[in-house]
Structures are given as structure tokens and as C-alpha cells.
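Peer 1: One-letter residues, chain by chain:
There are 2 protein chains.
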Amino acid sequence: MASRVIVENVWPGTGDPSLAIKRVEGERLGVEADIYTDGHEKLRAVLLHRPPGGAWTEVEMSALGNDRWEAAVTLSGVGRHLFAIEAWRDRFGSWREEVDKKRAAGIPVDLEIREGLALAEAAGVPATAGTVTGAEVLEAMRRKADRADLVRSAEFLVRADRPAAAFAAWYELFPRSASGDPGRHGTFDDVVARLPAIRAMGFDVLYFPPHHPIGRTNRKGRNNSLKAEAGEPGSPYAIGAQEGGHDAVHPELGGIEGFRRLVKACAAEGMEVAIDFAIQCSPDHPWLKQHPGWFAWRADGSLKYAENPPKKYEDIVNVDFYAPDARPGLWNALRDVVLHWAEEGVRTFRVDNPHTKPFPFWEWMIAEVQERFPDAVFLSEAFTRPKVMQRLAKLGFTQSYTYFTWRNTKAELTEYMEELAHGPMREYFRPHFFVNTPDINPVFLQTGGRPAHLIRAALAATLSGLWGLYSGFELCEATPLPGKEEYLDSEKYQIRAWDWQRPGNIIAEITQLNRIRKENAALHDHLGIQFLNAWNDAILAYARFTPARDNLLVVAVNLDPHHAQEADFEIPLWQLGLPDHASVTVDDLMRDARFTWTGKVQHLRLDPAHLPFAVWRLSGV
Amino acid sequence: MASRVIVENVWPGTGDPSLAIKRVEGERLGVEADIYTDGHEKLRAVLLHRPPGGAWTEVEMSALGNDRWEAAVTLSGVGRHLFAIEAWRDRFGSWREEVDKKRAAGIPVDLEIREGLALAEAAGVPATAGTVTGAEVLEAMRRKADRADLVRSAEFLVRADRPAAAFAAWYELFPRSASGDPGRHGTFDDVVARLPAIRAMGFDVLYFPPHHPIGRTNRKGRNNSLKAEAGEPGSPYAIGAQEGGHDAVHPELGGIEGFRRLVKACAAEGMEVAIDFAIQCSPDHPWLKQHPGWFAWRADGSLKYAENPPKKYEDIVNVDFYAPDARPGLWNALRDVVLHWAEEGVRTFRVDNPHTKPFPFWEWMIAEVQERFPDAVFLSEAFTRPKVMQRLAKLGFTQSYTYFTWRNTKAELTEYMEELAHGPMREYFRPHFFVNTPDINPVFLQTGGRPAHLIRAALAATLSGLWGLYSGFELCEATPLPGKEEYLDSEKYQIRAWDWQRPGNIIAEITQLNRIRKENAALHDHLGIQFLNAWNDAILAYARFTPARDNLLVVAVNLDPHHAQEADFEIPLWQLGLPDHASVTVDDLMRDARFTWTGKVQHLRLDPAHLPFAVWRLSGV
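As you go down the protein sequences, you meet chains Z and C in turn.
Sequence positions in the first sequence follow the working numbering and run 1 to 621.
Sequence positions in the second sequence follow the working numbering and run 1001 to 1621.
One or more hints might be untrue.
Simulated coverage check for chain C against chain Z, where a stretch passes if three residues somewhere in it have a Cβ under 8 Å from a Cβ of chain Z [unchecked claim]:
no., region
1, 1033–1043
2, 1099–1113
3, 1304–1315
Simulated coverage check for chain C against chain Z, where a stretch passes if three residues somewhere in it have a Cβ under 8 Å from a Cβ of chain Z [what the hints assert, rightly or not]:
no., region
4, 1003–1011
5, 1602–1608
These are computed hints drawn from the structure, not numbers from a lab.
Ideal placement from N, C-alpha and C gives every residue a C-beta, glycine not left out.
I would like the entire structure built from these sequences, with the hints used as guidance.
Peer 2: Structure representation (C-alpha cells):
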């Protein structure tokens, strides 16, 4: 407990060294700490780093002033890195400093030289009265001398993910709606046929809801009706039937061979597949008979349906993670489901409602999977209280759904981005901005028409490294179940067919946004952001930039889908080190135009009838 | 590591649960934490508290919203308290909530009742279908049911000090200058004669530099000259001579009997003695011969003098805390010095330069002494880098010298007080504001005359619960060693005599300030403070208040000792819950006047030729 050398306030961290901060492979990781000791002796400190599968190495830390020290390492290798700090009292360095001071003051140092020689001898460093104050002995002593009063910090975990974990555009669809005919169940091969169009829009990840056999008991009908009519497909979230459970493929989608063809076709397009990991079971799931000890049976021998009184999900029962036989049986089986699909080539898992399952399960399971598949990515679909969402990110989820979908005003968006980009969450919570999902048809989209869809797409695509949409958004489809934030005739319960070139679509704008994202490193995460003064509460303006400021964008969005808005606004000349009267070259990235701005305050007008946002790249003239 | 229930961000703390926060005996300690779990189950949490020498008790915590919980306990008993938090998943409470929801929704609960009865049976609580949802069973289950997924936080240390540790006015003097005759060495009995005057000024603590025998080797002469003339008394910080060391009394002060008479006389006046614990030794200290293994001998058999090249303190050598025989011999001996004086009735120890001695020594020694003397108080005299000063406070020092002495402008004082009162230091760093010391004759006092002394006295006395002065300040004595921040003819090296009623003294003002302090609880610590708008950078205005706002003062100080200054300023009507146009009754506590202010903005003028500050007490009309 009590030590002479103190190492504290180590940064960055999550508050618990065993819960990883998140970075991307290849990034530099800068580490700082308060390091000091009593008395006047000099200190030395090193940053220790262990990459995945590698050995510990060390790099010297340097003092920043006010007892703050820093060093940096490069995170080579996807996986779990560790860092730690060692600090100690530098006896020989202190001795040298004293000798130098005394010589400078003309004070004899004969006795000090004898003491220095004794230090060198103890360290096994050859030295004479003539060489002991020289650079060579100093360097040898730095390498060989004992580290006096050595202290070592805790070991801090860092998760280095592959770049796509931090930067990707997701496209979500229901494969069974891919046939183009509401009367014919779509297959993975139908999805393969859609891939070129999806890729052409610039999406990187193809994500779909559970692809497993769907239960028949209490199957839901269209619009979540309690009883399905004959021939209705049911909700894919009612997982498991006589055809199999979480490791099986719904036969009508094309079976495992169809799945493999889709995974392969995605790879050929430069995309990847993300699947849905939803732990609940339909009452027909094979596990109920094979492993009754994984469930919580009631006093009357029945199983409880999933519920949130008075709401009830009659087509779903839940496993019990702490049932008599659940450990290790159920836990291993769930991990093995993920490993099974990883072996089929899937590396990205969107996890349904993780906040209703035990924290310890996720921490264990994600570590187990990433041990075998270091490039595995887990997206947390938890829409719940802030601290629970933060915890899931800390314990291992690579990415997280967010409140973005419900942040519409300038104040809301500014506050939320400040929290994500500049608060403690920036170290471990990687936001994924979905503009809609099969469960969320936001009122803003329902009521704002095509301009609203353009506004939300522009915000998501330029505020976050990760963004996604659920198909239909590009067609501005937002017909609600009346009075609800849900879609009418939701694909969750029925097969739909769409005209993918429907008039009024925003495919061209989405395509251009995704192109801008790829070409501008400033948009590859959510971290480099500064909100700009714009004297109109309907206009949100922000700068997006790389740490080196070698890529600087200004985005302006009219948040009002119904009226044109205009405003004076400030352009961030200071980010380029320029004075307020300077000129900059501006590339309008949506309109493919180039011009010059002179002076810090400019004027803009954004008309939702045309394009309610602008993306400009600024560079020195 | 991985648990289902999370307890984190516990407040208050020092960042390390084993390093105590500071409170005063009898205070309420409020504790908060983030507490949450996965899923929908309800939680319960208790705050555990163990007073000094007592047993653990627990009090239920309540939810504040956003997963923040709180509870409070009263800190009865001086010494080390511990608190911790336990939280668990409340199965029966969750069950009750579900039953209530279902009943409200008209859903049958027969099966739930059976499940509730099973829970009651498992806990040994008698219940029937008729009583299991009643208040009695709920209460019995709260007491008896197992705590599911129980987690317990770390144990957090709290140091509860006696009130005088947080609120006291100190008076420092050199006993040898107490005779009134520069030719006669003063004695403790001379100090006893001075006590009524010191007490009349309102001081609570009488503090003096080391009272031990003074070495003769390399004794310093007046104004720090290298060689004392015959008959010069030397610096009392050169501790130890043939007459004894740290546990002996300098014979010329009156020996141990004189010391005991002073301690007794102080107690009779309602004051206490604070002594100086300075670890260095004169070359004549008995320890050099008795315990050579406690010192770092040099290659030529000599001992190193204390130095800070090119400065050298030729009359002092330092012990070596890590010398071959230093542990446990030296450490125990130093502790025993403190215990010796504690047994002589001393409870307050001003510690000289603790930052140049090992952190682990202080942490150990203070704990050892306070184990036997829980009311012992240690004041850290460390003027060094912020993090080192903070560390000393965290590891156990009760009070700390500060940078106050060098904070003169409105911006400096505001920033420093915000850090002390509203930053993390508020939990563990108790500032002691000295206006001067034998080592510090600030330029502001040297150049500002009587008004400067009034300004600094008012600031110290109203900004901090602890303040002190070194005698001569009340006489406005500030003659410097030319070009230095030190006193000419310093009492550190010679005996002085003073006219204690010298014209121009500020005894009346100091007396009144100390009276105001005693009568106003708002001034009993430094925590309740808010700086007020005053539209003149030479005017510092602030509100001081108790947590309950039942005592509210406004202090205004003209920081310019040379010119009258005036300003509009805001009075804190909001602290009384009053609107901006309200009227308040104002007691002018320095001028003994009462009047009414109406409206938030008032005007003041402060003339240093009369009184450069004002202290007003505000109350509702």
C-alpha cells in the first residue's frame, strides 16, 4: 500500500484496469500518469506494453511538468493489449544532477565522485573518476542499475479492433422479403442478387435478423397479432423449431448451403455479413426437451413467457442463466453457437437485448470468442439506462446502439455528441448510429418525409464512424402503425416486397454520403468534432477533423424538414492555425463544387426541398 | 471481477479507499454510488458503517434516479471510521412488484402466489396465500431473505477529527523572545504571562518552533550568518546537543517543568499548545553517537549536511530513513518522540518539511500515533508541488499549509478557493491559511503597510476554518531582509523584544475577526463559499454559508492597500431563496451596525485608510 513512488491517475482508462479501453489496430496509444515521490530525488518511468501473443516491452516516459508523465506505443495486432507503468527513484541520475550543480557552483566534488564510483561498481558498470560523469556511464547505468523503490501500476487492458469495428456502414434487411414477391418467401440467393445494389450505395456490412427455424407454438401474425393465420411466417425472433435451434438455418431461406453462398458473395463484394444473436427460444426450441435444466420451470410445470407486465411475448421463453444445469452447459452452448457461426465465416454479431442477460455471461463469452477469433465484433442492442449501456461497452461489446435515434434538436444532438466524443465514454463506448430499425420508426421520419430522411442520414453518416439503416429508409418508407413508433405491416411478422427504385428515394444522396465517408479520414470515427457557432437554432454546424488536422470538414444540417433555414456561422479557421480574416479553399462534397471563403463568419441557407445539409472540406489556399 | 450487481463511482473518496477522507466528529456523512444490475430485477443496497472501536451497522440506501443511490450516517467518535456498500438483487421485492403490476392489469396471479410462498418458505418466513403480499411478510423478507448476487464494495476510510482540527486560530511565537528584553532569553513562564493577551485576541492554539536543546557545531548567527558570535542562541531547528535531543527541553526555556507549566496554563485559558516536529539533527544530536546506523555516512566518514545546491544548511544533518539500522529503530524512535510529547499533553504537531521525508513513514507514523491518541492533529508544513502536498494530506496529515500566502489578486484567490472548496481536494485537504511565518514575510505585507495586514487577516480569517499568524504581524512588523521574502533580524537566529501595544497595531481588528469567526458557523470551515459578482477587479466579494443556509455572511475585501475602491456588487439573495428585488436585514459585524438592503445589486466603498474590508451577516427581514 504505502510506497515512496506514486503512480496514479493513469489515463486513458475505463475506471477499472481489467475492463478494456477501445482502440483500432495500428493506432498510437498515448498514456499519461501522475508520477512523483517524496524528497528531491529524480524519477524514471517506463511504459510497459504487451501486444496480443507477444512479450512485454518498455519505452521511457517523459515528464510533461506538474508531475505528469507520458509515453506512447503503437498497437500492432488485433486483440487484447496490456499496458502498465513502472517508476523508480533514479539514484545515479540524481547523483549526476547534484554533481553538475556543484561543479557549476564551483564546489569541490571529490567525495561525490567516490560515491558515484560506488554506485557504478554496485551495478557492475565499469567507470573511473574520469569517466563516471560521462555520457557512456550514464547510459550504461540507465540500462543496468537497480530500480530503487520500484513501483508497478495495475495492468490496463486495451482492446485493439480491426478498422471495420470502428468505421463501417451497415445495411439491414429481412432476407425473406428479398424475393420481390410478397407471396414467395425470399432466400439467401435472392439477397445475393440484391448485393450489387447495396454495395453500390456504399455499404460495408449486410445485417439481417435471426436466420434460424421459427417456432410454431403461439406464432405471431401480421402486425404482432396474437395468432398467426395459416401460412404466416412468424417472427424470426421466435427461435427454434423441430428443424433445429440457434445453429440451424431456417429451411425456407435456403439452408446452410444458401447461407454459405451469401457469406461468399458478400466477401466477393468486399462486404461482410453480420448476424443476429438473440438468446430467447420459441417454445418449440430443441433445448426445452434436450436441456430442461437450462430453464426456470414454474410451480405448475409450465415455463414463463417473456413478459414486461402487462406486455407479454407469447412466442418466446427465456433460458435461465442461473438454472441448476446452466453452468457450464448453457453458457458453453451459447458460446458455441457464436463459435459455430464464426467458423462459417461470420465475424460480426449484433446481440439482441444484452442488458436483460447477465453481465458476467457477456464478459466471459466475448473474451472466449475473441480468444479464438480476435477479429470478432459484437454490437450491443441495448436501449436502456445510461449506466447499463456503458457497462456493456466496458465489459466487452465492440459497438453500441445509442440514443441517437431520439436526438433531434440542436441542443440534444450537441449534448449527446459532447458526451460521446469528449466525456469518459470516448475511451470505451463506440457508438453505432442507426437511423431506423425494424423496431424503431421514429416520429421525426414519420412526419418529416423525404427531407427528414436526408437530415437523419447526413447526421448519422457524418457524426459517427458507424452508421446503419434498415432497408426501406432509402425509399423514405415510414408508414407507422398508428400512434406508435413502429412500422405498419412490419417485416418482423410478414413478407413484404419493395420497388427498390421507388420515386422519391434518396439512394443517390446515401451513395454520396458513403463515398464522402470513405474518402475523408475525419469521418472514420466520432471523436474529432467541434460544434460551431451558427446563429439559428435550426442549423447544426460542426467541424470534423483528424488528430493531425490533415482532413477538416464542416458539416451544416438544417434540422427543420419543413422550412428553409439560413444562418451566419463560424468556420473553424483556428483548426487550421489560420487567423480570423484568412481565406480557405472549400470543396462542396455533395455538390462537387470548389470555391473560397474569406473570413471566419460565413452565411448559409439550406432548403429541405432540395438538400437540407452540406458537407464542405476546408484546406489552406 | 465479473459480478451481476455493480457498485461503482462511490463518493466521497480520495481515489484510494485506504486513504481517508476528512470529516469532523458528529457530522453527517452522505455517501452516494452508482448501483445497478442487468435485467429488470429490483435492487437493494445498504451503507455499512463502522465507527472507531465499534461494530458494523447498516442503513438502507435509497435510489436517487439514474442508478445513483444514497444514504447517510452520523460520525460519532473521533478516529478512523470505515464505510462500505452492499447491494444485491431483491428477489422477493421483484416478485412483489410483478404481482402488483399483474393485479393492477387484472391478470391472474395464482401461480405467482405459489412462487412467493416458496420464496417465503426458503427464508423461513411464515406466510399464507392471504398474507404473502402483505406488509408484514414484506418486512420480514427484507430482514431475513438471502441477499442474492450480493456484492460488497471496498472499505472506505474516513478520518473524523475533533472540531478544533478544522476550526482554530493559531498564534505563533518564539518563546525565547517573550522576556521583553533582547538581552534575556525568554522562558515558558514568560510565555505564560503573555497568554491572557493572546487569548484576548481570540486565538485558540499557541504554536512555537522546536523547543529542544540547540546544537553548537556550526551554529548560525544573526540573519543566518555562517558563524554565531559567542552568546548567540542559534537556530532552534538545529535540534540536539549534549543536553539531549527531540525528547528534551532547551534548558534556557525552563526545562520540562517550565514546559508543563505552559501546557497547563494554556489549558486553563481554553487554548492548546502546538509543537514543532522537525526531524533533522544538529551535528551534536545524541543520536549521531548512539545510533550511527541511522545516518548515511559518506566515503570519508563524514555526514552530509542538509543542502539544496548551492545552498547549504551547515548546522543540520539529516537522518536516513533507509539506512541499515533505520528500520525499525529510527522509525520507532521518531514515533516515540511524538508519543512522548503527546503524553506531556500535546495533541497538535506542526511538522516541518514533511515532503522531504518518505511518504510511507508518515502514513505509518500518523496512524500509529492516532491509534493511541485519536485526537492528535498533524499540520503539514510542505510548500512544494501540488500533487505532493495533496498526497501528504491523503496519507494522513490533518491540516496543510497552502499557497494562500502568495495568492493576492482576485483571480488568484478565486481560482485557489474554487480548487480547495469545490474540487476533489475538498474531501481530504484541510487548508490552514497563515498570513506570515518566520520564513515568509510576503512582499504584499512588506510594501502594503497596515492596510495590507488588515486585508490579509480578513481574507485568512474568513476564507478558511484554520488561520494563523506569526507574532509581530499584529504589530504590522514587516521589515525585510533587503530583496528577500524574509524578516530582518529574524527571531530564527536571535532574541527579539517587542512593544505589544505599538502604535498602528491591528489587535482590535484581529480580535473582532476572531470573535466573528466564533459566532458564525459559516466560517468554521472553507467549504461553503460562493464568489459574488463585483464590478471592480480590486474588490473581492464572497458569500460564506452553512449547508443549511442558517448562517449567511457576505465578505467584501479591497485587495488594493493603497487606494480606496468602490464597486457595484451582487448580494446572494438566492442563497436565502429570495427574489432579486427582496429586502434583507444586514448586520455589519465589524462596525456593529444594522440596516436593510433592497435588491440584488448594492454599492460598496472600502477605504484602506480606515478599514479595507467588511463582513455582513444577511437574514430575512
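Peer 1: The structure should be examined with respect to each hint, and the outcome stated for every one.
Peer 2: Going through the hints against the structure:
no.	hint	result
1	1033–1043	holds (count 6)
2	1099–1113	holds (count 5)
3	1304–1315	holds (count 3)
4	1003–1011	holds (count 5)
5	1602–1608	violated (count 0)
Consistency with the previously given hints fails for number 5 only.
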